[in-house]
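Q: Whenever a hint applies, use it, and build me the whole structure from the sequences.
Protein chains: 2
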Amino acid sequence: MADCFVANVRLDDGFAGGFLIDKGRIAALVTAGAPAPHAKQTIDGHGLLAIPALVDGHMHLDKTLAGGPWLAHQAEPQRMSRIETDKKIWPMLNRSVEQRATALLDWCIGHGTAHVRTHVDVDLEGGLSKLEGVLAAKASRAGEVTVEIVAFPQSGIMRCPGVADLLDRAVQSGADLVGGLDPLEIDRDVKGHLDTVFEIADHRAKGVDIHLHEPGEMGLHSLDQICERTTALGLGGKVTVSHGFCLGSAPPDKQKAMADRMAKAGVGLVTHGGAVWAVPPLELLHEHGVLVFAGNDDVRDTWNPIGNADMLERATMICWRADYRRDTQLRFAFELCSGHGARALGQPVPAIAVGADASFALVEAEHIPAAVAGHPRRELVLHRGRVVGRDGKRVPAAA
Amino acid sequence: MADCFVANVRLDDGFAGGFLIDKGRIAALVTAGAPAPHAKQTIDGHGLLAIPALVDGHMHLDKTLAGGPWLAHQAEPQRMSRIETDKKIWPMLNRSVEQRATALLDWCIGHGTAHVRTHVDVDLEGGLSKLEGVLAAKASRAGEVTVEIVAFPQSGIMRCPGVADLLDRAVQSGADLVGGLDPLEIDRDVKGHLDTVFEIADHRAKGVDIHLHEPGEMGLHSLDQICERTTALGLGGKVTVSHGFCLGSAPPDKQKAMADRMAKAGVGLVTHGGAVWAVPPLELLHEHGVLVFAGNDDVRDTWNPIGNADMLERATMICWRADYRRDTQLRFAFELCSGHGARALGQPVPAIAVGADASFALVEAEHIPAAVAGHPRRELVLHRGRVVGRDGKRVPAAA
Numbered sequence: 033m034a035d036c037f038v039a040n041v042r043l044d045d046g047f048a049g050g051f052l053i054d055k056g057r058i059a060a061l062v063t064a065g066a067p068a069p070h071a072k073q074t075i076d077g078h079g080l081l082a083i084p085a086l087v088d089g090h091m092h093l094d095k096t097l098a099g100g101p102w103l104a105h106q107a108e109p110q111r112m113s114r115i116e117t118d119k120k121i122w123p124m125l126n127r128s129v130e131q132r133a134t135a136l137l138d139w140c141i142g143h144g145t146a147h148v149r150t151h152v153d154v155d156l157e158g159g160l161s162k163l164e165g166v167l168a169a170k171a172s173r174a175g176e177v178t179v180e181i182v183a184f185p186q187s188g189i190m191r192c193p194g195v196a197d198l199l200d201r202a203v204q205s206g207a208d209l210v211g212g213l214d215p216l217e218i219d220r221d222v223k224g225h226l227d228t229v230f231e232i233a234d235h236r237a238k239g240v241d242i243h244l245h246e247p248g249e250m251g252l253h254s255l256d257q258i259c260e261r262t263t264a265l266g267l268g269g270k271v272t273v274s275h276g277f278c279l280g281s282a283p284p285d286k287q288k289a290m291a292d293r294m295a296k297a298g299v300g301l302v303t304h305g306g307a308v309w310a311v312p313p314l315e316l317l318h319e320h321g322v323l324v325f326a327g328n329d330d331v332r333d334t335w336n337p338i339g340n341a342d343m344l345e346r347a348t349m350i351c352w353r354a355d356y357r358r359d360t361q362l363r364f365a366f367e368l369c370s371g372h373g374a375r376a377l378g379q380p381v382p383a384i385a386v387g388a389d390a391s392f393a394l395v396e397a398e399h400i401p402a403a404v405a406g407h408p409r410r411e412l413v414l415h416r417g418r419v420v421g422r423d424g425k426r427v428p429a430a431a
Numbered sequence: 033m034a035d036c037f038v039a040n041v042r043l044d045d046g047f048a049g050g051f052l053i054d055k056g057r058i059a060a061l062v063t064a065g066a067p068a069p070h071a072k073q074t075i076d077g078h079g080l081l082a083i084p085a086l087v088d089g090h091m092h093l094d095k096t097l098a099g100g101p102w103l104a105h106q107a108e109p110q111r112m113s114r115i116e117t118d119k120k121i122w123p124m125l126n127r128s129v130e131q132r133a134t135a136l137l138d139w140c141i142g143h144g145t146a147h148v149r150t151h152v153d154v155d156l157e158g159g160l161s162k163l164e165g166v167l168a169a170k171a172s173r174a175g176e177v178t179v180e181i182v183a184f185p186q187s188g189i190m191r192c193p194g195v196a197d198l199l200d201r202a203v204q205s206g207a208d209l210v211g212g213l214d215p216l217e218i219d220r221d222v223k224g225h226l227d228t229v230f231e232i233a234d235h236r237a238k239g240v241d242i243h244l245h246e247p248g249e250m251g252l253h254s255l256d257q258i259c260e261r262t263t264a265l266g267l268g269g270k271v272t273v274s275h276g277f278c279l280g281s282a283p284p285d286k287q288k289a290m291a292d293r294m295a296k297a298g299v300g301l302v303t304h305g306g307a308v309w310a311v312p313p314l315e316l317l318h319e320h321g322v323l324v325f326a327g328n329d330d331v332r333d334t335w336n337p338i339g340n341a342d343m344l345e346r347a348t349m350i351c352w353r354a355d356y357r358r359d360t361q362l363r364f365a366f367e368l369c370s371g372h373g374a375r376a377l378g379q380p381v382p383a384i385a386v387g388a389d390a391s392f393a394l395v396e397a398e399h400i401p402a403a404v405a406g407h408p409r410r411e412l413v414l415h416r417g418r419v420v421g422r423d424g425k426r427v428p429a430a431a
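Protein sequences, first through last, are from chains E and R. Position 10 (the first sequence) corresponds to 42 in this note's numbering; numbering is contiguous. Position 394 (the second sequence) corresponds to 426 in this note's numbering; numbering is contiguous.
Because the hints were derived from the structure by calculation, they are not lab data. Predicted, not measured: the structure shown is a model, and the values here were computed from it. Treat each hint with caution, since some may be false.
Note that the list lumps identical chains together, so a pair holds whenever it fits in one copy or between two copies.
[To be verified] Cut-off 20 Å, straight-line C-alpha distance, at most; resulting in silico cross-link-like pairs (EDC-like, lysine to aspartate or glutamate):
hint : residue 1 : residue 2
1    : K425      : E398
2    : K425      : E411
3    : K296      : E164
4    : K119      : D330
5    : K120      : D359
6    : K270      : D227
7    : K425      : D35
A: This is how it looks when you write it as structure tokens:
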């Protein structure tokens with residue numbers, strides 16, 4: 033007998049009926065009106081729409097203050113002030129990295145996020161302690177969400193001798209990718225920074241994800257250098273640029289040329305939608321063959337207090353910011369927050385189909401565009417066949 | 033005996049206890065631990081935070097598709113295409129203005145919005161029919177939300193002879209303000225358009241609210257002309273500019289000069305936070321004495337499918353877009369969506385204090401900044417002492 037039957041649900045393609053779930057996967061789609069199959073458990077879907085699992089391609093689990101007392105934002109607007117302010121605040125937090133990261137993962141789970149890529153600071157002050165905390169959080173939520181970790185040199189590499197070794201140790205200690213950031217702005221050494229990042233990735237057979245906030249021609253230069261190294265080392269498909277704001281303000285011909293360069297090199301882009309900066313030309317990048325996906329970035333943390341970790345709301349915000357109004361655009365925004373993110377994270381593309389992981393959420397919406405337009409609460413969340421969220425919140429496993 | 037006691041709630045200032053409510057107003061704040069007063073009804077607040085009522089300063093109740101079937105967005109990006117597309121779509125909608133406007137008001141009520149200013153199209157094709165529909169919706173939700181109506185010449189005035197008379201009739205038929213839009217871009221006659229709008233407002237002793245999307249120097253010129261007429265007619269405090277995107281892209285010295293001019297003239301500004309356009313300098317305008325407030329603008333409508341009418345989420349989006357991170361800024365964003373909007377609409381400023389309207393919502397948050405950061409669901413909404421919303425949705429009055 034199958035494990036579970038979720039009755040009375042709908043799909044974006046018009047299907048109405050139920051999902052038979054066994055061993056964490058969808059075993060059958062049963063059309064409404066057909067006899068309900070026998071299962072150990074039946075869940076009433078109340079006619080809600082099932083949407084595929086969400087994917088958050090850019091988080092900072094180690095920085096969050098989720099689940100604990102509010103801390104008023106203290107840093108000045110410059111990136112270096114935020115880096116330094118963190119170092120003052122962190123020793124005073126009386127909750128561990130594991131506690132805080134777990135609380136934020138719980139927010140993700142409640143919103144129907146199945147996969148997360150998080151950056152974790154690796155620096156001289158903290159060593160690998162934050163990585164250890166996030167690894168513990170990841171382990172404590174295994175079976176509810178999968179977590180991929182980028183060893184992130186938030187304070188720079190070349191300006192902090194010793195960090196390169198820490199990054200190398202991090203990817204031998206549980207980190208899945210090597211990170212980097214703004215090689216001109218932070219290290220003031222694009223060659224040294226990128227050579228180091230790519231050398232570790234190449235040596236340890238890992239992927240790369242580099243924060244690139246650098247504006248204008250500065251950012252385009254760094255992006256070009258990232259593409260060059262990706263091609264030279266044959267790392268295509270394993271390299272991501274986070275943000276890439278420089279693409280948003282570039283003139284159209286440069287946007288197209290860089291989109292071609294990124295597509296040929298196999299360099300993807302993850303976005304949170306831009307906020308104050310110009311949004312990268314997401315549709316253009318996608319049309320040129322660049323793997324584009326989305327993430328929430330800072331959520332209730334020492335860098336930014338705003339956010340709730342909801343990737344469906346992120347899709348809404350991307351639409352609002354990028355001026356997406358047509359159904360095709362709303363669907364594209366959803367893909368940025370689901371399928372495209374899964375492709376980037378090397379996960380099976382979320383789908384509600386026979387044989388796929390039974391990872392989905394139920395929402396009150398007509399179809400995917402309507403779900404993106406209003407990001408209704410996740411009434412129920414299943415992860416690999418198990419109920420992990422209800423009413424927008426994680427539900428602990430039954431004892 | 034008082035009507036109601038809402039027990040076990042908190043306020044932003046640290047108060048913990050209950051609110052005694054009588055005849056729609058707050059009769060007493062009762063500190064936790066004090067004996068619970070007698071009341072006809074007691075509601076358990078479950079330790080939630082009470083936030084003052086929200087105010088939506090810019091809606092289009094007549095354009096919405098809320099509550100009905102999804103309609104894929106059809107218009108081209110230009111404003112004129114959206115105006116013309118509406119005229120093709122509207123005759124085919126099989127739900128009345130009243131039905132659609134009521135459905136959107138219900139979304140507002142469920143999110144804790146107590147006051148709405150809506151624009152209603154007045155044009156040659158529809159005459160005053162949309163005004164009549166919105167007036168009916170307003171009447172059907174009296175006691176749950178107050179609605180202020182702007183007679184809005186969406187298709188222009190000078191290019192559509194007869195609209196001026198319709199606007200004049202509209203404000204004699206239930207509209208509270210005279211609207212206008214983009215006098216250079218739509219009517220190509222800033223003098224004719226503004227003279228007409230202000231003459232009707234002056235003659236009928238009404239306020240003015242003018243959509244101004246015009247960019248750059250074009251918009252600044254129109255804004256200057258609006259200030260001039262406001263001063264000349266002594267309409268200070270009764271005139272609003274909607275959007276004012278031109279302010280967002282102006283150089284700082286022009287922003288400051290225009291802020292001074294608006295403050296002296298008594299011209300306010302309502303914003304949705306900018307989306308694709310530069311956000312007007314909201315803090316600077318406020319510091320210069322301009323009444324700045326916020327609204328959702330299009331919600332699930334023929335102009336834009338995005339949105340859910342939640343003004344607390346609008347506060348979040350404004351923070352994200354304007355890069356507000358400090359507590360003072362998060363509080364300012366809340367005021368844009370509550371107190372400042374009430375000032376603009378001539379309503380009592382929402383407050384949870386003895387003598388004030390018992391209009392508030394309960395949310396799971398530490399204080400106002402935390403509520404803005406994550407815009408949690410409204411667990412319970414009271415309007416003038418009556419429960420009107422629960423779990424983010426309107427609840428019809430008990431029979």
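Q: Check each numbered hint from earlier against the structure, then list the numbers of those it violates in ascending order.
A: Structure breaks hints 3, 7.
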